[in-house]
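Asks: Here is how the chains run, residue by residue.
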Amino acid sequence: MLIYTIKRALLATLVALTVSMLTFGLLHLSSDPAVALAGEDATEEDIQMVRVDYGFDKPLPVQYLAWLTKALQGDLGTSFYFNIPVSKLLQQRLPVTLTLGACSLVFAILSAVPLGVLAAMRPNTKLDRFCLTLAVSAQAMPAFWFGLMLIVVFCLWFPLLPVSGSDTWQHFVMPTIVVGTNAMPAIMRLTRTGMLDVLATDYIRTARAKGLRPKTVLLKHALRNAVIPVIAVIGVQAGYMMGGSVIIETVFGLNGLGLLAYESIMYFDLACMEAVVLLLCFVFIITTFAADIMNAWLDPRIRIG
Amino acid sequence: MTVLLEVENLTVDIPLAAGDLHAVRGVDFTVKKGETLGIVGESGCGKSITSFAIMNLLPQSAVRNSRRLVFDGQALDELSEEQLSDIRGNKMSMIFQEPMTSLNPSYTIGEQLIETLLRHRKAARREAVERAVFLLEKVGITAAASRLKQYPHQLSGGLRQRVMIAMALMCGPEMIIADEPTTALDVTIQAQILNLLAGIQSEFQMGQILITHDLGVIASVAHRVAVMYAGQFVETGSVAEVFETPMHPYTQGLLACIPIPGKTKRGSFLGSIPGKVPTLIGDQTGCSFANRCAYVKEACLLKNVPMNSIGSVRSYRCILSSEVCYQNAREAACS
Chain A
1 MLIYTIKRAL LATLVALTVS MLTFGLLHLS SDPAVALAGE DATEEDIQMV RVDYGFDKPL
61 PVQYLAWLTK ALQGDLGTSF YFNIPVSKLL QQRLPVTLTL GACSLVFAIL SAVPLGVLAA
121 MRPNTKLDRF CLTLAVSAQA MPAFWFGLML IVVFCLWFPL LPVSGSDTWQ HFVMPTIVVG
181 TNAMPAIMRL TRTGMLDVLA TDYIRTARAK GLRPKTVLLK HALRNAVIPV IAVIGVQAGY
241 MMGGSVIIET VFGLNGLGLL AYESIMYFDL ACMEAVVLLL CFVFIITTFA ADIMNAWLDP
301 RIRIG
Chain B
1001 MTVLLEVENL TVDIPLAAGD LHAVRGVDFT VKKGETLGIV GESGCGKSIT SFAIMNLLPQ
1061 SAVRNSRRLV FDGQALDELS EEQLSDIRGN KMSMIFQEPM TSLNPSYTIG EQLIETLLRH
1121 RKAARREAVE RAVFLLEKVG ITAAASRLKQ YPHQLSGGLR QRVMIAMALM CGPEMIIADE
1181 PTTALDVTIQ AQILNLLAGI QSEFQMGQIL ITHDLGVIAS VAHRVAVMYA GQFVETGSVA
1241 EVFETPMHPY TQGLLACIPI PGKTKRGSFL GSIPGKVPTL IGDQTGCSFA NRCAYVKEAC
1301 LLKNVPMNSI GSVRSYRCIL SSEVCYQNAR EAACS
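So the sequence lines, in the order shown, correspond to chains A and B.
With the working numbering applied, the first sequence has no gaps in its numbers, which climb one by one up to 305 at the end.
With the working numbering applied, the second sequence has no gaps in its numbers, which climb one by one up to 1335 at the end.
Isolated chain B (complex conformation):
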């Protein structure tokens, strides 16, 4: 499979009065055609910032750096904003967390769908309308042609998110970044939207980055997963491997937080990770998870921990050997 997006050592710093906030601290990943990479992590770990950094939608004050940021053969960090805007919404589009506020209240759904295509393609308005109707039907909206004349406030949250997905597809992008696309929706709608995304992604063979804090979402639609903590990836691998044998203590802790029907004892406490996330302002030495880790050693605090690779897609950021991590994972699964 061809590699669509290559990211190496991506960092994002946001200057604040108290010092630089290192929101993203050296992230590496690739996304291939037809593949979904899930990025999972808690609020504030930098997963959304990572996606904005790729789309060049960061706030003005933020500083982005990377060793390599290549999309579809083009080095994104060498392009001007003008050239980047030619890519955005065209070859690479994005779906946001908040469908209720992500559409412009003053324009019809149709107008907002059509303008995307007209911006990037030499197409007649009539063709754009046809494309919009086709895609609205594709994302499961009934009476698509009449919906074009409706305004966002006349649609429910679920419908608006479907419109956002259709909008992202207008130019037939090669990659879609979905930033918590289901967080703001009802649970019943969540499943529908996720299935829709997964179906469309495999039908059009797009690369996809799915950002979420919900491990269940990752398990159901992603191929590979990256677990993010305090601005860094702490574990990557195929979904099956990471869920079966989580190597990093943080991943183990996250998975322990999910009750499993039939396995988790009735009346037992839900798992939780003690302590809180370290501040990302200023420089840090040592493992960023050290203050919450059950296996912390003195060595964890002394120097930054590199990623350890096992095989080609599996890696984890811990000083413990893979054997010990396996052992811990098995014990955690039994308890």
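Pulled out of the complex, with its shape left as it was, chain A reads as follows:
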């Protein structure tokens, strides 16, 4: 288990390094940061000055190494727009996004797994078809539209929840529902398929032949095996949530990483953009890594080769 964890961790580090290289390269190549920085009325000389000042004239690998060295020491540069260190900015914004992500994930899992199990227990019944309809609609619904509809219902028609901001827990209710609903269909359908497969296996027949109670058969013997593929998907979904937060945080005015990403792109705040994109990627890498470790813990065939 330890060796497996170390192997996975090394792999994750390599992925992270590659991602940082790509992000840095792409953002620097996509447009000339000096032009954006110098402002609209800048002359050619001004731009050249900015270029030399910020080191944009050096070769890209040199810039990357310089940036990486600083980044590893916790210095991600200063935001051009907010005029404070990017690391400080992230410290302010990350908790909001992580809270939203965690709440949405819990919401998605708590709604998707039981529905998936129920659908698998009674395949091709009304209940199963209801779950399918629910999954398809949730998958097809654009998140921003669903968010706006919730605002219409719960803020305009029945003023129960605040429209935008991130100050109280009430501010997180609608965003959680929207992001969670987006992640739910994949988890639910995979739980159903996994359960159907597992329920047809020989070892479930063995469990029933032992006289175990239906609850034990279902939860201990079936679900444990059925969730193994589901966890991998949950890991990926958690990553998507991070990406999706850009839209949702903008819709609900949540002061998180997503909104920061939106703002920094609007103002071409290079240091900030880099840091946000990178951080979102890291969260993705960490959730996938966590899913891998959890799977190994659940499945002895991975743990003990």
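FYI, nobody ran anything at the bench for these hints, they're computed from the structure.
Since we're looking at a predicted model, the values are computed, not measured.
Careful, some of the hints might be misleading.
[What the hints assert, rightly or not] DSSO-like cross-link-like pairs, simulated, lysine-lysine; straight-line CA separation at most 30 Å:
id, chain 1, residue 1, chain 2, residue 2
1, A, K215, B, K1149
2, B, K1303, B, K1265
3, B, K1263, B, K1303
4, A, K220, B, K1032
5, B, K1276, B, K1149
6, B, K1033, B, K1149
7, B, K1263, A, K220
8, B, K1032, B, K1149
9, B, K1149, B, K1138
10, B, K1149, B, K1091
11, A, K58, A, K7
12, A, K215, B, K1091
13, B, K1265, B, K1276
14, A, K70, A, K58
15, B, K1138, A, K220
16, B, K1149, A, K7
17, B, K1276, B, K1303
18, B, K1122, A, K215
19, A, K88, A, K70
20, A, K58, A, K88
21, B, K1091, A, K220
22, B, K1297, B, K1276
23, B, K1091, B, K1033
Using the hints provided, position chain B relative to the given structure of chain A.
Replies: What follows is chain B alone, placed relative to chain A:
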């Protein structure tokens, strides 16, 4: 000897799009304490379904009916699933064909053994562990205590089947149903497992139903045998009698398929039964073996053939008289 299991006119129907599949079409048998009944037949003849019907492990769509289904004084067809689950794994347990997939890959051998006992008995975990170690040793597994911590994928097929047997014995059952317990194993392991089963069965004086398609297996461990064809028993009797003088043309055909060292001529063709098994979907009239039988007459096709009894344990399902059947058996043995 006390009768453990009585089955009368057991039928299992499985509704399909093309009509009802009559998987088991009226089976009668009894199993006594300390006795092994072998059920032999080819794939798809309904022998496994028969065992699942007794254990109430049939697929949900299947419909089971019986005139009498009594185990240890309890009418199984009158019990709820809850009450049946109290019997399963406790008084009556089952060993399956596929040891490679019959154990849960996510739990240790120990956990899977122990949970059976804890489900049916008020026992401390420590007692259950002791029982598990005792039984693993009993089924010939070395270093039993350390095996408890192993996972199924760390064991070979033969070992897993031994674990399955130990698991079936956890609660000291009165009856064991073994559904092709050796089919998936190497030939050398097969003999070991069969001897083990036979030894344990006589030591604990359990009733046993041994389901197989292998006549050799029946000959070596069963006391009585029932030959099954197309969802019905076509011949029953003691192993010695049935192998010595098979009455039913199907049994005769099956036995003719086995070469006998020293008797079967070198270079001669192995016996085979021409034709194929009739479909079990929809109703049938006449003898189900008629389309493959060498002695078929017009009367065979007209009405269903009842079981003819000779003595108390011997019976066969054929319109031919017992004398003619004897004669046919003798001729078949000589050829």
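Asks: Work down the list of hints and note, for each, if the structure agrees.
Replies: How the hints compare with the structure:
no. : hint                : result
1   : K215(A) / K1149(B)  : holds (24 Å)
2   : K1303(B) / K1265(B) : violated (39 Å)
3   : K1263(B) / K1303(B) : violated (38 Å)
4   : K220(A) / K1032(B)  : violated (36 Å)
5   : K1276(B) / K1149(B) : violated (48 Å)
6   : K1033(B) / K1149(B) : violated (35 Å)
7   : K1263(B) / K220(A)  : violated (55 Å)
8   : K1032(B) / K1149(B) : violated (37 Å)
9   : K1149(B) / K1138(B) : holds (18 Å)
10  : K1149(B) / K1091(B) : holds (27 Å)
11  : K58(A) / K7(A)      : violated (36 Å)
12  : K215(A) / K1091(B)  : holds (21 Å)
13  : K1265(B) / K1276(B) : holds (27 Å)
14  : K70(A) / K58(A)     : holds (16 Å)
15  : K1138(B) / K220(A)  : holds (28 Å)
16  : K1149(B) / K7(A)    : holds (25 Å)
17  : K1276(B) / K1303(B) : holds (20 Å)
18  : K1122(B) / K215(A)  : holds (19 Å)
19  : K88(A) / K70(A)     : holds (15 Å)
20  : K58(A) / K88(A)     : holds (27 Å)
21  : K1091(B) / K220(A)  : holds (23 Å)
22  : K1297(B) / K1276(B) : holds (18 Å)
23  : K1091(B) / K1033(B) : holds (12 Å)
In terms of the numbered hints stated before, the structure departs from hints 2, 3, 4, 5, 6, 7, 8 and 11, listed from lowest to highest.
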